[in-house]
Amino acid sequence: MDAPNLPPPSPDRLQSPIARLLRPLVRLFIRSGMTFPGVADLLRELYVNVAEHDFALPDKEQTDSRVSLLTGIHRKEVRRLRGAGAPISTTPASVSRTSAIIARWLAAPEFTDVEGRPLPLARLSDQGATPSFETLVASVTRDVRPRAVLDEWLDRKIVAIDADGCVVLAEGAFVPQRGADEQLYYLGRNLHDHVAAAVANVLEGPRFFERAVHYDGLSESLAETLEKSSRDIATGALQEANRQAHKACESDPGGDHRWIMGIYVYREENPAAAGQPESMKATTTSKSKPPGKTPS
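For the sequence shown, UniProt numbering begins at 1 and goes up steadily by one.
A hint or two may mislead.
[To be verified] What follows is a list of derived Cβ distance ranges for each label pair:
1. L154 <-> D12: 27 to 35 Å
2. R44 <-> E269: 32 to 40 Å
3. T63 <-> H257: 28 to 36 Å
It should be emphasised that the hints constitute simulated quantities derived from the structure, not laboratory data. Where a beta carbon is used, it is the ideal one built from N, C-alpha and C, also for glycine.
Please build the complete structure, drawing on both the sequences and the hints.
So this is what it looks like as structure tokens:
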């Protein structure tokens, strides 16, 4: 059933959810020394760039006046900023390579056991009889030597060497080091896609799956227990999705589309108990809140 053609939410209705959305980002900005004038300059550039490219009328030239009308930014500033391009987060080569190799290690039958877990790999190939780290890397890229990848991964603790001299994938292989370029890249990419899915659902109807299970009023010990169990559930779901995608890609002709599946887990002390301003307090502490709600 098609979603009704409803108008987008008014600015006053967006104030509260946007404030909640931005609060953790503002905390990151302040901790990192990113001041309000710097954020305002960045936001001004983005406003102009989005209005220029995403709101252009068919077969009509996008004018400074129209961009100014859409954004509320003076025409003189619009003229200065147009064509400059919005800052983008390109994928670092090391991130792309690392992700591809780990994804294959977790999905390809020759590198996993009967339960789908990544096998310990010999460092070097043994006439093709034993799966090795060398053959794993070579199956993904020929642009870098397997030994160089192994040294980098050992240093970053993505892998370790076991008692038999085999390379084993570390449990935290998916987690970039705190503050590393890889972590900042995923901050931008993952949050962008999550927000883009939620925004599309608000503007176009329930197009993307975007839900959460949530309970308030819990003890700290129960919150910790639920966090751990949900991590295990999420890891299994992501690994299964990776196996399916990896297998499907083998026969896919390729194209210009992309797909992502993300899961997040979070817990905190009730904001009302932590002394936040009244406007930021939780609206309920009921334990009976139903799971699986989607944004409306």
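So, going through the hints one by one against the coordinates:
1. L154 <-> D12: 27 to 35 Å: 54 Å, violated
2. R44 <-> E269: 32 to 40 Å: Roughly 36 Å apart at Cβ, these two residues keep to the hinted range, so it holds.
3. T63 <-> H257: 28 to 36 Å: 32 Å, holds
Of the numbered hints stated above, the single one contradicted by the structure is hint 1.
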